[in-house]
Structure formats: C-alpha cells, structure tokens
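J.: The primary structure of each chain is shown beneath.
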Amino acid sequence: MDTTREALAELLLAMADDEFVLGFWDSEWTGIAPMLEEDVAMSSVSQDEIGHAKAWYELLAGLTDDDADEIAFGREPAGYRHAALMNHARTDWAFTVARRFLYEHADATRLESLARSSYTPIAELAAKMRREETYHLLHFDLWLRRLADAGGEARDRLAAALERIWPDAQAVFAPLDGEARLVSAGILPDDLETLRHRWLDRVVPILEGLRLPVPPEAERAAPPAGDGRTRRNDDFAWLHGEFTMVARSDEGATW
Amino acid sequence: MIHGGNVNAPDEELAVHYAREFYGRRQESHRLWVVPRDAIVELDDPDLLNPPFDRSFKRPGGYLIKHKLEAARARAGTDAESADASEGTGK
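Protein chains in written order, with our numbering: chain A, 1 to 255; chain B, 1001 to 1091.
Just chain A, same shape as in the assembly (with noise of 0.2 Å):
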C-alpha cells in the first residue's frame, strides 16, 4: 500500500473540507450581509473558496481514481476532515469577520509553504490561489479593523467571537496522520506545527495592536489536539443537510 499517496490524499481532504465547508457557511450572507456591496463581496469571496474547494477535490478525484462530486457531495458528517473552525454557524458579521480572519491568515500560511511542494500539482494550484487569497486578507483585515475601531457593540462582539473560536482555529494546524511522510517527501514543505506558529506569529501582532483578545502565552505554545478535524457538533450535521440536499435529492444527476 501506498503510505505517502494516502498521505496525501488526507492533505488534500483536509484542505478542500476547510474551503467548501467554509465557503458554504459564508454564502448564508447572500442577501443579508450588513450592505448591498458586502452581500455581493461576501458571496463572491465565499463563491472563490468553493472554487478552490473544487480544485483540491479534482486533484484528490485524480489521484484516488473518484468523482470530485461524490467526494464533496457523498460523505456522512463524520467524513469530513475540516478543521473545527469551520464547524460553527454563520452566527453573526462579527464572529464571520473573526473566524475569517484567522482562516484567511492560516491559509495563507499554509498556502505559502505549499507553493514550494515537490508534489508540482499542489505547487501549481497552491501558487495561484495564492493570488487570489490576496484579496480575501485585504478585505478581513479591513472589517476586523473596522469593527475593533467603531468600538461599542462591535467591537464587544468581535472580542466575544475571538475568545470563542481561539482553540478551534488552532485546528486549521492539527496534527495529520501522514503528516512526517508528507514532510519527509517535500510535499509539505514545512511541518504543521512550524506553520501554526508562523501563523500566530502573523495574527497575534494585529490583534495585539487592535487591543483584542489573543490566547495566553502558554496556550499558545501548547499544539492543538489531535482531533481537531475530526470533532464535529450540531451546527455542522445542519449544515451538511443543506449542503447534500440537491445532490440527494438525483443521485447520479448530470447537472
């Protein structure tokens, strides 16, 4: 059996799981995002990380001989590996503007590890999503800004939803079964703890200088859990509902 190949396709599962059931959650502000130009940024940001989602799932399709469809579409709750980050509700603009901008940094992150993979498809892909992830980090560091300056409400939400998603978002660099196999094959350039600390190296100094909430030193310092894409909670058994409704509703369609 193919260790490394299997590796690989938990590294994709992984990071396309992160991008689909993200861009799902954050679709939910089609038509109620605080003004018209947000809703239609909103769902195109959300329609640009459904797109990546597509991309990783293709390239996993390919490499395990399966149909992208029934990868994203054809899997019970429990099979899906996004990290806990992406479990909770759209909730509201504060919590998605917290959540997206520690996803938007780690992905970034991770992205730029993976531009430099040995595995070219992942480099390829990798290298361009970057381009277009440019734009999602300019625009939540914009909101996170924006909401931690207005003060009141707002600012009281964002340091709410922080608190909150803190340790889910450390998921995002959860340890990965083949993860050394990966790391020793170059196709991930770095391994995922030396990333979740380039990562908080990037978001904890903008927090810091907005006065909002970071996790204690020691928190920081600890690596996540092992099951940090593997525990799974109410709101996404939800959401997996909505997501397969269509695809249940014909299966086998052409659409």
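No lab work stands behind these hints: they were computed from the structure. Misleading hints may appear alongside valid ones.
Claimed, not checked - Restraint-style ranges between C-beta atoms, simulated for each label pair:
(1) B/Gln1027 / A/Ile206: 29 to 35 Å
(2) B/Asp1047 / A/Asp39: 41 to 47 Å
(3) A/Thr230 / B/Ile1002: 48 to 54 Å
(4) A/Pro213 / B/Ile1002: 43 to 49 Å
(5) B/Leu1032 / A/Gly151: 28 to 34 Å
(6) A/Leu142 / B/Ile1002: 26 to 32 Å
(7) B/Asp1045 / A/Gly209: 47 to 53 Å
(8) A/Asp201 / B/Gly1005: 36 to 42 Å
(9) B/Ile1002 / A/Asp67: 40 to 46 Å
(10) A/Ala185 / B/Glu1013: 39 to 45 Å
(11) B/Gly1024 / A/Pro34: 18 to 24 Å
(12) A/Ile206 / B/Asp1045: 50 to 56 Å
We put the CB at the ideal spot given by N, CA and C, even for glycine.
Guided by the hints, dock chain B onto chain A, whose structure is given.
T.: Relative to the frame of chain A, chain B by itself:
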C-alpha cells in the same frame, strides 16, 4: 477608459474593494480608477456638446473612401489585394 458604474462605500478603501467586486470579478477589467463623486467635474452644457448646426462631417462614418483608396493605390502602383481590408469608413 469607460465608466464602469457606481458603488456606495463609506470611504476610499472599501470603495476600491467593492469596485473590484462589482466591475472586476468577472475578469472584465484590466485597471480600475475609483474616484469620489464630488471629485467629478461635469460638463453638461448642450451648446458645447450638441451644437445647433450640422456637424456630422466631423464624424468619420459618412465617408466612402474605397474609390479614393483604389485611385491612390493605382497611382502608387501598390498591390490592391489588401484593399478589401481597408474598405469602409475609416473608424
């Protein structure tokens, strides 16, 4: 440069983000210029833009230059093969 459209935004920074979403997300733009409404200088005087006399001769559309081109080529002794491509209004 053509007018892409309008966006509503509280300031320049978000205006650029939204302009990108509204007028650039479908790869229809190479560059965007975003200016606040109050920076736009308007010229709307009909006497300056639509003078009362017939000025249609200032438009290139009315001229048929095919025969003039043929005559010119004949004088110059140029091959007429590419004449069809030059036929038309000079737009």
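J.: Can you name, in rising order, the numbers of the hints this structure does not satisfy?
T.: none
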